[in-house]
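Visitor: Input sequences plus hints: build the corresponding full structure.
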Amino acid sequence: AQSVTQLDSQVPVFEEAPVELRCNYSSSVSVYLFWYVQYPNQGLQLLLKYLSGSTLVKGINGFEAEFNKSQTSFHLRKPSVHISDTAEYFCAVSDHYGGSQGNLIFGKGTKLSVKP
Amino acid sequence: DTAVSQTPKYLVTQMGNDKSIKCEQNLGHDTMYWYKQDSKKFLKIMFSYNNKELIINETVPNRFSPKSPDKAHLNLHINSLELGDSAVYFCASSQFVTSLNYEQYFGPGTRLTVT
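For the record, the sequence lines run as chains G and X.
Here the working numbering is used: the first residue of the first sequence is 1, the next is one more, and so on.
Here the working numbering is used: the first residue of the second sequence is 1, the next is one more, and so on.
These are computed hints drawn from the structure, not numbers from a lab.
Treat the hints with care, as some may be off.
[Said to hold, decoys possible] Listed below are the simulated BS3-like cross-link pairs for lysine-lysine, each with C-alpha atoms no more than 27 Å apart in a straight line:
hint, chain 1, residue 1, chain 2, residue 2
1, G, 69, X, 44
2, X, 71, X, 19
3, X, 41, G, 111
4, X, 41, G, 49
5, X, 36, G, 108
6, X, 36, G, 111
7, G, 111, X, 67
8, X, 67, X, 41
9, G, 115, X, 44
10, X, 22, G, 108
11, X, 19, G, 49
12, X, 40, G, 111
13, G, 58, X, 41
14, X, 71, G, 108
Note that the structure is a prediction, hence the values are computed from the model and not measured.
Guide: Structure representation (structure tokens):
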């Protein structure tokens with residue numbers, strides 16, 4: 001069975017500092033990987049995804065993530081955060097068989113708090 | 001031109017009542033989903049529908065029933081509401097199988113409070 005572990009439930013950082021949100025997954029098959037962001041009282045918005053190809057994936061709002069198959073990780077990074085990046089971030093995995101999409105399994109989320 | 005919309009945004013009701021949450025998508029997607037987010041922000045898939053067929057049911061109590069009148073709608077009916085049903089429910093949609101996008105688009109959520 002698949003699972004996703006987000007190692008940090010809360011990450012406080014100062015504005016303009018770099019940040020890394022960690023995500024590890026387990027799966028017995030090939031997977032697709034996603035990061036979603038949830039701003040307060042809103043739905044989820046896709047930040048970026050890894051389907052295949054280059055292991056470094058760039059997303060919206062200056063975020064990027066690197067897929068590391070040997071370490072089964074998909075950590076999210078941003079070199080300089082803004083107050084507006086304060087939100088809950090979810091890592092998710094989906095398996096795929098022959099091109100079809102499986103279930104989306106979410107991690108428990110990491111609350112990023114950016115302080116001035 | 002909201003992509004995925006849900007109504008109502010807030011729903012407060014008493015135990016034992018029956019309620020429905022509506023979801024509509026205008027993206028032309030063929031698969032829709034319902035997720036439950038608990039008080040600790042944990043998101044879990046409840047159902048998905050593809051071309052009017054249920055393709056996922058993650059051991060959700062049978063008090064919950066999804067109903068899809070057409071490809072653009074997936075409503076969630078809940079019978080005999082319990083305190084533990086209090087949560088935020090998210091609808092999502094995607095283009096299944098033939099698309100290489102595999103992105104799910106989420107609605108704004110419905111906060112259900114059972115008293």
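Visitor: Could you grab the alpha-carbon distance between residue 41 of chain X and residue 49 of chain G and see if it respects the 27 Å cut-off?
Guide: holds (21 Å)
Visitor: Are residue 71 of chain X and residue 19 of chain X close enough, with their CA atoms no more than 27 Å apart?
Guide: Holds: residue 71 of chain X and residue 19 of chain X sit about 22 Å apart, inside 27 Å.
Visitor: Decide if the proposed pair is consistent with the structure: residue 111 of chain G and residue 67 of chain X, CA atoms, cutoff 27 Å inclusive.
Guide: violated (34 Å)
Visitor: Below or equal to 27 Å on CA atoms is what counts here, so check residue 36 of chain X against residue 111 of chain G.
Guide: holds (18 Å)
Visitor: Does residue 71 of chain X pair with residue 108 of chain G here, judged by a C-alpha cut-off of 27 Å?
Guide: Roughly 30 Å separates the two Cα atoms, so the pair is violated.
Visitor: Has the given pair, residue 115 of chain G with residue 44 of chain X, been kept, meaning a C-alpha gap of at most 27 Å?
Guide: violated (30 Å)
Visitor: Keeping to a limit of 27 Å between CA atoms, is the pair of residue 40 of chain X and residue 111 of chain G held or broken?
Guide: Between residue 40 of chain X and residue 111 of chain G the Cα gap is close to 11 Å, so the pair holds against 27 Å.
Visitor: Holds or violated: residue 36 of chain X with residue 108 of chain G, Cα cutoff 27 Å?
Guide: holds (13 Å)
Visitor: Does residue 111 of chain G sit within 27 Å of residue 41 of chain X, going by the straight-line distance between their CA atoms?
Guide: holds (10 Å)
Visitor: Given the hint that residue 58 of chain G pairs with residue 41 of chain X, does the C-alpha gap stay at or below 27 Å?
Guide: holds (25 Å)
Visitor: Given the hinted pair residue 67 of chain X and residue 41 of chain X, is their alpha-carbon gap at most 27 Å?
Guide: holds (25 Å)
Visitor: Hint check: residue 19 of chain X vs residue 49 of chain G, CA-CA at most 27 Å. Holds or violated?
Guide: It is violated: about 35 Å lies between the C-alpha atoms, which goes past 27 Å.
Checked against the numbered hints listed earlier, the structure breaks hints 7, 9, 11 and 14; every other hint is satisfied.
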